[in-house]
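*Asks:* Sequence:
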Amino acid sequence: MEPLRAPDPVRCSPLQGDPMRALITGISGFIGGHLYASAPPGGEIWGTYLNADPGPDAARALRLDLRDAFALEAAVAGLRPDLIIHAAAWSRVAFCEAHPAAAREVNTGVTATLAQICRRRRLRLIFLSSDMVFDGEKGHFGETDEPRPLNLYGRTKLAAERFVAELRELGVIVRLNLVYGPPRYGGSSFSEEVIRTVRAGRPYSLFADQRRSFLSVQNLAACLWEIARGDFSGLIHLGGSEPADRVVFARKLAQRMGLDPTLLIPSSTSAASPAVRYPRDNTFNLALARRILKTPLLNLDDGLALEYP
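Note that my numbering has the sequence shown beginning at 225, numbered continuously upward.
Treat the hints as calculated values from the structure; they're not laboratory data.
Beta carbons are placed, not taken as given, at the ideal position from N, Cα and C, and that holds for glycine.
It cannot be assumed that every hint is accurate.
[To be verified] EDC-like mimics (lysine to aspartate or glutamate), calculated; alpha carbons at most 16 Å apart, straight line:
#1 Lys476 / Glu416
#2 Lys476 / Glu466
#3 Lys476 / Asp526
[Said to hold, decoys possible] Distance ranges between label pairs, derived from CB positions:
#4 Ala276 / Glu361: 14 to 22 Å
#5 Pro533 / Arg420: 29 to 37 Å
#6 Leu303 / Pro427: 41 to 49 Å
#7 Glu417 / Ser494: 33 to 41 Å
#8 Ser429 / Asp292: 37 to 45 Å
#9 Ala496 / Ala326: 39 to 47 Å
#10 Asp455 / Leu303: 18 to 26 Å
With the hints as extra help, turn the sequences into a complete structure.
*Replies:* Take a look at the structure:
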């Protein structure tokens, strides 16, 4: 298949007129929760969840099974958003490998349904994809590099991207690198798993040979709301400005949180379960994001200071 190609970039600028009306899927998850909590004032922002009620702080939270196409269509018809940000997904690589039907249904099938709804109603759709669409062979991946996913999670995300790409000017595909920070309403993150495990006095094994562009979740949310307020369409990569392997990141995190770094145990992607393949260098080329966004992409020290003050 031909790789997805980023269109000529459009510089994001605030939209004029009525306040934003947006629907965010998956606000009981890690990224969706931060997006909902950081929504710009003055708009009408709704969020969906399924199993984990985000609580009273999420005043416009709607329990909705996104796999039910009729219920999803009815919700969109009733809420009348101008924009949908699709953050809901099965994102655990090992889970997706063990439950391929569930992963395809949620990660690809739900996205296809949302794309159909947005096409019929002329709504903008911002879809959160993943660096896992790449094989990790060369690193510094840009928007024009051909995806070659190694695992089922990456394949489900790549398949979903193609439905969003068909929306043309209504579709935005945002590939995210590894996002860290504390949860807002629910979900977890790599950084929280490290903190929880090491604080309990247990060793934490992590890949020393996997490089990522680690991205603060609050930094990500600011970038996404800037994209939402603008008129960019197409494909864009978002990540932190300082690539690192997991051990380097975890040691910086441990130093900041006062944790015992000797409990961080380097391992190799080759030692992982043979049922799951992990890319080694999925760092991003962020030239497009730097060109069109006013929000700066943070390095590790600044991002960790923002998330764990």
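*Asks:* Decide, hint by hint, whether the structure agrees.
*Replies:* Structure-based check of all given hints:
With a CA separation close to 13 Å, the supplied pair Lys476 and Glu416 stays within the 16 Å bound. For the given pair, Lys476 sits about 12 Å from Glu466 by alpha-carbon distance, which is consistent with the 16 Å threshold. Under the criterion of a C-alpha separation no larger than 16 Å, the hint pairing Lys476 with Asp526 is consistent with the structure, at around 11 Å. Ala276 and Glu361 have their C-beta atoms about 37 Å apart, which leaves the hinted 14 to 22 Å range violated.
Range check, Pro533 to Arg420: about 19 Å between beta-carbon atoms, so the 29 to 37 Å window is missed. In this structure, Leu303 and Pro427 meet the distance hint of 41 to 49 Å, their C-beta atoms being roughly 47 Å apart. Separated by about 21 Å at the C-beta atoms, Glu417 and Ser494 break the suggested range of 33 to 41 Å. In this structure, Ser429 and Asp292 meet the distance hint of 37 to 45 Å, their C-beta atoms being roughly 39 Å apart.
Distance hint check for Ala496 and Ala326: the Cβ-Cβ separation is about 21 Å, which falls outside the suggested range of 39 to 47 Å. For Asp455 and Leu303, the hinted distance range of 18 to 26 Å is satisfied, since their beta carbons lie about 22 Å from each other.
Checked against the numbered hints above, the structure breaks hints 4, 5, 7 and 9 and satisfies the rest.
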